[in-house]
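Take the two lone chains, each set in its own frame, and fit them into one complex as the hints suggest.
Residue-level listing of the chains:
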Amino acid sequence: MQKRISFAAAMAALAVLGSASPAAAQTLGEQVDSIFAASTGWFVALIFADLPGTNIPWIVGWLVVGAVVFTVYFGFIQFRAFGHAIALVSGKYANPKDAGEVSHFQALATALSGTVGLGNIAGVAVAVSIGGAGATFWMILAGLLGMASKFTECTLGVKYRNEYADGTVSGGPMYYLEKGFKERGLPFGKLMAFGFAIMCVLGALGGGNMFQANQAASQIQSVTGAPTWLTGLLLAVIVFAVIVGGIKSIARVTEKVVPFMGIGYVAVSLLIIFMNADMIGWAFGQIFAGAFTDTGIIGGMIGALIQGFRRAAFSNEAGIGSAAIAHSAVRTKEPITEGFVSLLEPFIDTVIICTMTALVIIITGQLLMDAQTGQYILNDAGRIVTASGATGGVPITSAAFESAFSWAPAALAIAVVLFAFSTMITWSYYGLKAWTYMLGEGKNRELVFKVTFCVFVFIGAVSSLDAVLDFSDAALFAMAVFNIIGLYFLMPIVKKELESYLARLQSGEIKPYKK
Amino acid sequence: MTNRIVVAYDDSEPSKRALEHAIEAARLTNAAILVAHVLEWSPYSFLTAEELAERHKRRNEEVSRAKQAVVDPAVAELKKRGLEVDTEIRYGKVAETLIAIAEETGASQIIIGRTGHSTIASRVFGSVAGSLAQVSPVPVTIVP
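For the record, the sequence lines run as chains E and U.
Going by the working numbering, the first residue of the first sequence is number -10, and it counts up by one from there.
Going by the working numbering, the first residue of the second sequence is number 694, and it counts up by one from there.
Honestly, the hints are just simulated from the structure, not real lab data.
Quick reminder that beta carbons are idealized off the backbone N, C-alpha and C, glycines included.
Where hints are given, some of them may not hold.
[As the list claims (entries may be wrong)] Coverage of chain U stretches by chain E, computed from C-beta distances (three or more under 8 Å per stretch; other residues unrestricted): (1) 726 to 736; (2) 752 to 761; (3) 774 to 788.
[Claimed, not checked] Sample of chain E residues with no beta-carbon within 10 Å of chain U, all distances over it, derived: (4) Phe25; (5) Ala34; (6) Ala215; (7) Ala399; (8) Tyr418.
Excised from the complex, chain U in its bound form (with noise of 0.2 Å):
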């Protein structure tokens, strides 16, 4: 089994910090990088009648404008660098899909991006890398 590295990636500078220091961490252990993508979304929101009859076409506009946009370009870089690359994207909270997405691929680790944001609403209600700290299966890497 291939030795895979999950790096949570949405093009923002922290998550090209994390990207970077997945590329060093892939070299040293001959691993392959997973590049995961993961759009906001809760089951539980409230929507009106129009946007449930367009849901699907919007989910597909999004998941498409997603990978054009964002994950494509890290995926022709890291190649371009010579690395084995795999991509995720997917709906959900960023924490948790992160954590499934190591456990169904078998990730040895996860690497993101600290958002340096240190304001009340993360304080209280926690931020991705504090959740994944404190649940993830796997060791977790926060780039700062």
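So that you can see chain E by itself, here it is in the shape it has in the complex (with noise of 0.2 Å):
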């Protein structure tokens, strides 16, 4: 009865948020719009303050030099430890009595179907419309750096997660921070945990929801027309079904379905690439120098640094702490193990993903140059013009997959749609373990936070983008002030596992099961 009336309750609010006609709904959205951005403004602005006397953002120089220590600290792990990730994801190492429970590949390809979704398409198309070629250089640096900030997080969330009578393990910066910083005998462990939480439930809201619900939504208006409340409106029932009603078998349909789009999406930008293989030389040399030189975008070199390294964030997630909440129910004596593994995760999603997102771009001639002077020519908004006059995220590399093939609009924008989704019910599960972390469990309580999360849904699909985006990229990183303080504090916990593991390996005590 009690799920009846709270169904019944939600369903007339996203009725009222949906209201009937659409000539009344594009107001709406504008109205949605303007308060959403009104009541986020300060929060935004707080956490994309300038560094004084710079124009550069402070919350991106902490991700990045949160990123560089964990580099430099680890010995380069992210090289170091590359092939042994790849070894213990296949199943070398893993013990067949272990059979039936969660492997490291299963691990991974959850919190990768949390990672891979729009910040690998939009996200991207957004960082090279206003950095221009360059910033895919620094996209692509910032993922490799992040791959240390991951194997980080990862670690300590098996390390330090809670493992119940029933068998069902919950973890993540919550756990980590408060129970490593007990161990350690440092203060304000509960704080910190709390903190992360608050910032994890915003950013499942935020990045995990709204960015995501806004950009399928408009992929699909820009391919079939339908207008954004709809398919925002269908969405948010969609997802409604999964999380409250318990539909599993669609969040089952899709965690099968999406891994096989993403490789379709490399393999078609492949092709892409490789289709005009002449220009290959030519787009790197665009990459390179747009990272070096002043190439005519807002803020320079600088602005195409600031574009990569937020995007790459953004998309990887690494030193965000949301990956360590999937990553740690894995079934392993070694918490160390599935740090190895994670930091293949930055790798895949921006190494791999985000950099065929910015060729294709690149290369299908999408960012106008000014032929004489080699400078980018920017409109009234201060992003770069392109060649199909296309704006915003996923319409740009829409247009540029369309360049190449005519069916591609329509693929991506099934894609897009599942990324979304599968994005969605990942991050609804972070925001839920954040949730009920701090409030508790109970059916009414985490009734509460899924009911919001699906009018999130809507808010997203129907508010414009640059309100969606900051706010969305605000959540996401305020997220990593918390992790990567406890990051900081608990690395020499880390360094111990590490240096045991790698002795024990050398040794022959840790061998392989399978040759």
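Following this line, the structure appears as structure tokens:
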């Protein structure tokens, strides 16, 4: 009965928001947008405030410095352990007796389904349309550095997870901040954990939800003409059916289709790149030149750097702490092994998939340049003018693919919706874990979060990209504030685990089960 | 070392026929029977975050259900008929896992029931009986 009442309430709320006529919905969309921008503006301004005397947002510096510190502290672990990480994922070191438990592969695949999403398609388009081809260079560098952050947080995620009597597990920054700080005799662990959890709930509603819904709705609108409020409403209802109604089959189907979508996306991108094989050298030339010289974009070289780092962090979530929640479910005696496996995540997400998107946009000549000066042509908003006239995330990527294959926008629309959906489902779980960490578990408490989550799907779909993007970034990056402080204090623990494991691997005490 | 016969058992009709056959064989050769139940599982499948968190719990539930509903009744029956019995419940690909069990326990043979399906899928990808017949290190009896 309780369930039925709340279902009706949620539907009524959605119906009011979705208000029947499309004409009214347009103005409603604008209203939602302005209310939303007005109420979150201060938060966005705080997170993206520039470092004094520069035009670099402090939060971008925060993430980069963190990634560099972890890279150096662990002796370039992302390169040293890369081969071993692949051996772990392939199951070479898996004890056959543990069959039926969560494998390294499964933990990685689930975490990836939360990270591979619109950040890879829309986010990259935003980065290169503001920062030019050079943004790609910084994005790849950020991806490589981010592997060390991911390694650190996921090792801790497994080490300090909670295992309950019934066999279920809960892990993530909330737990390592609380338990790890306590173990080291540091104060404020619980406070840090709560800070993280609050931001994680906001991040789940922003980057893990609104941004995804927004871009899925806008791509559907451009392909079929369906208004964004309709797509938003539909998405909200389907998400509701899965997370509140418990219709797991929908999530399971998506979970199975999405990996193949990802592979298909990379395959089509490679096809376009090789169809223009003579342009590959030029494209990389553009990427390097743009990274170190002023190509006429707003902010010059620094502008490209900021865009590259910002969008990479948004896409691979390294240092944000989110993936540690999914990775912590793996069954292993050695927490460090999941750290190794997790470092593949930014590599696959950013170094491979994001780079594909960027290369396709650059190679198909989407970014217009003044032939005389070699500088990009900017529009009034300070964005680079594109060949198709498209602006904002997915439309730019869609136009780039369309220039090679006319069917691409429709295929991309399907991919976008599925990516968006799987990211939303995974993030609804992350958000819920943070929510229940703060408030305790309980049907009604969980329901409040789940219904709120569905309402935000709708708000995200009807709001404008800029308002959504700023809030989504701000909320996600705010998670990194608490998480990275925690990682600095807890990294000696990870180092101890790493040294012990590597010594045992070298001595042959840890052996592969399969050749 | 006791002479051991591995029987693949899942409470289905074909597996019951295989068990009957194994009982005869065990009596003739004075062997022990190992009732093996394999839960089909791939470490490369895709799960949601929620399923990951609950996996260990589900696995425990699946194993105890298999034990109570499938393996224990068969063991009781065999004991009643005076045979020596062992059991194994494992996750994995059926054929591979049966072979692993046979190798680890030093079993002399494997007995399985034929499902009788001749679907296109099993012709293309091979059936459990087919793969066992091809790669098993010990003699395999397929009971029709």
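Results for each hint:
Coverage of the region 726 to 736 of chain U by chain E holds in this model, with 3 residues showing a Cβ closer than 8 Å to a Cβ of that chain against a need of three. Interface restraint, the region 752 to 761 of chain U with chain E: holds (4 residues with C-beta to C-beta distance below 8 Å; minimum three). Under the rule that three or more residues need a Cβ within less than 8 Å of chain E, the assignment of the region 774 to 788 of chain U holds, with 3 such residues. Chain U leaves E/Phe25 outside its interface by the beta-carbon criterion, the shortest separation being 27 Å against a cut-off of 10 Å.
Every CB of chain U is more than 10 Å from the CB of E/Ala34 (nearest about 32 Å), matching its label as outside the interface. Taking the minimum C-beta to C-beta distance to chain U, about 27 Å, the non-interface status of E/Ala215 holds against the 10 Å cut. Its beta-carbon lying about 25 Å from the closest one in chain U, E/Ala399 satisfies the requirement of being farther than 10 Å from that chain. Distance check on E/Tyr418: its Cβ comes as close as 4 Å (rounded) to a Cβ of chain U, failing to clear the 10 Å threshold; non-interface status is violated.
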